[in-house]
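Q: Each chain is listed here by its residues.
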Amino acid sequence: MVAVAQTHVPVAPVRVPLLAWMAVMVGLAAVYLMLQENGALLATSWETLHELFHDGRHALGVPCH
Amino acid sequence: MSFTYRGIITRALTAGLPVGVLLAGYMFFVVEPTIDEAITLEEQLATEAEHGEQGGHHHDEEEALFTRSEQVGGGVAASVIYAVVLSAVFGTVLAATRHRLPGRSDLMRSVWLAAVAFGCVALVPALKYPANPPAVGDPDTVGQRTVQWLVVVALSLLLAWALTRLSGLLRGRLDDPTRVLAVTAATVLAFGALLVALPGTPDEIDQRVPAALVWDFRLRSIGGLALLWSGLGVGLGWLLERHGRRVMDGTDDRTAAPA
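Chains P and Y, in that order, are what the protein sequence lines are. Residue numbering for the first sequence follows the working numbering, beginning at 480 and increasing consecutively. Residue numbering for the second sequence follows the working numbering, beginning at 2 and increasing consecutively.
What the hints contain is simulated information worked out from the structure, not anything from laboratory work. Treat the hints with care, as some may be off.
Chain Y side only, calculated, beta carbon under 7 Å to chain P, not exhaustive [said to hold, decoys possible]:
#1 F4
#2 V32
#3 G138
#4 G144
#5 R146
#6 P211
#7 A212
#8 A213
#9 W216
Since the model is a prediction, treat every value here as computed from it, not as a measurement. From the three backbone atoms N, C-alpha and C, an ideal C-beta is built for every residue, glycine too.
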């Protein structure tokens, strides 16, 4: 019972700068282009991305052709 | 032990790069053989379709933009990029939620968060819309399948957040074992309902594709994602713990300022 009660040990919160969240957004947008883009945002160059990262898309379990 | 954001993100990226290299090796040696097998079959089926003059459309009928070896290279690059970007996202979310995560140590907190992330962005989508090898997907439905995939990931993350809130609300109102049991039951019910409620994939698997090949590919694919998330969780957790121990031992000069 004591062991369960002690699962949460308080630690001081870490301040995450706004810039870090912006970098996270940029990173996720890049991953979207790499793994998900199939013509929703890019008119023509999506095919190049799709074909180049074709194996990665299949292996990482995201929808591919 | 206290950390600054910089201290956490540098350790997250330090873990992310080797995990990405490991994932790329796994991709190359474990997943690629199955992809090759599927592509051989895909070409065979396309040739048969041409001979039968059924006019079946296939993406390799168009001129290939990249050679197979370039696509293998693209897959290896994708693994490293994916792991490094996710390590930055993971480190940032860990920094923001560390003081609220369960666990008595940074290793436990990090592994816990990685397990939740694996569940939401890998396991639940894989259960609803499993990965398919080449030769299975219909190119005409890829837009719809991409939306479905993003929706299941978004809803899983939303559920994880809601269940965390629920656990917080019950804290103090129920004794801990009862609360953990209640939240676990709610988790199973909520994710079960999500998997049942969402529409299935529009694609049907071509009956000429052996089930063993599809199953083999799916297992290898989810194995890679498990490798990625366990690597990030254990890697970052271990690096944070190691720093904490060094400060306690006094073997680190930078004890005055939190890293």
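Q: Next, verify each hint and record whether it holds.
A: Comparing the hints with the structure gives:
1. The beta carbon of F4(Y) is positioned within 7 Å of a beta carbon in chain P (closest approach about 6 Å), and the interface hint is therefore held.
2. With 7 Å as the threshold, the beta carbon of V32(Y) comes within range of chain P, its nearest partner Cβ sitting at about 4 Å, so the hint holds.
3. Nearest Cβ of chain P to the Cβ of G138(Y): about 5 Å, under the 7 Å cut. The hint holds.
4. At about 6 Å, the closest approach between the beta carbon of G144(Y) and any beta carbon in chain P falls short of 7 Å, and the interface hint on this residue holds.
5. Because the beta carbon of R146(Y) sits about 4 Å from the nearest beta carbon in chain P, less than 7 Å, this interface hint is met.
6. Annotation: interface hint on P211(Y) violated; nearest CB of chain P at approximately 17 Å, more than 7 Å.
7. Below 7 Å, beta-carbon pairs count as interface contacts, and A212(Y) has none with chain P, the closest being about 17 Å; its hint is therefore violated.
8. Taken as an interface hint, A213(Y) does not check out: its beta carbon lies about 17 Å from the nearest beta carbon of chain P, beyond 7 Å.
9. For W216(Y), the suggested interface contact is broken, since its CB lies about 14 Å from the closest CB of chain P, more than 7 Å.
Figure legend: structure checked against the earlier numbered hints; hints not met, in rising order: 6, 7, 8 and 9.
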